[in-house]
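A.B. asks: For the record, in the sequence shown the residue sitting at position 116 is 116 according to UniProt numbering, with numbers rising by one throughout.
Just so you know, the hints here were simulated from the structure itself, not pulled from any lab data. Treat the hints with care, since some could be wrong.
[To be verified] Computed spacing ranges between beta-carbons, pair by pair:
1) D33 with K13: 34 to 42 Å
2) Q21 with G53: 19 to 27 Å
3) I40 with P60: 18 to 26 Å
4) P65 with I36: 43 to 51 Å
5) P124 with N19: 21 to 29 Å
Beta carbons are placed, not taken as given, at the ideal position from N, Cα and C, and that holds for glycine.
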Amino acid sequence: MRDAPYTRLCSSKSILTVNGQFPGPTLYVTEGDTLIIDVINRATQNVTIHWHGVKQPRYPWSDGPSYITQCPIQPGTQFSQKIVLSDEIGTLWWHAHSGWSRATVYGALIIYPRKKNDYPFPTPNAEIPIILGKFAYGQTVE
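Could you build the full structure based on these sequences and the hints that come with them?
C.D. replies: So this is what it looks like as structure tokens:
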């Protein structure tokens, strides 16, 4: 994560990004996968990442709520999050769980079923995840 210049709606400012992207990258995984996410905090504020909709009974210290299940990842440090997927399937999302960083640090988490499902409708030509967010004209840094 790092601060990066960003322009939208004729307004420019510095925002916190993941890999220089806003929104952050979409992650495509399969049910039962184990993810290792290396969060390198090159920003100026503490940050944590929450995996919305993912059960984490074996690794609760990778769940994101600052000072509850996880100490914040401080500027200039890194943290490897281990996410063990169990029976989650579908379109979920990940997001920052620290102050205003949640306004710009988020992305989709697409979990495909382990087995191919027969759907009662034709196979789509393409899949395009859409994430709605609000671009704040004010500062998104505390």
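A.B. asks: If a hint holds in the structure, say so; if it doesn't, say that too.
C.D. replies: Now the hints, each set against the structure:
no., hint, verdict
1, D33 with K13: 34 to 42 Å, "36 Å, holds"
2, Q21 with G53: 19 to 27 Å, "21 Å, holds"
3, I40 with P60: 18 to 26 Å, "22 Å, holds"
4, P65 with I36: 43 to 51 Å, "20 Å, violated"
5, P124 with N19: 21 to 29 Å, "27 Å, holds"
In summary, the structure is inconsistent with hint 4 from the numbered list given earlier, while agreeing with all the others.
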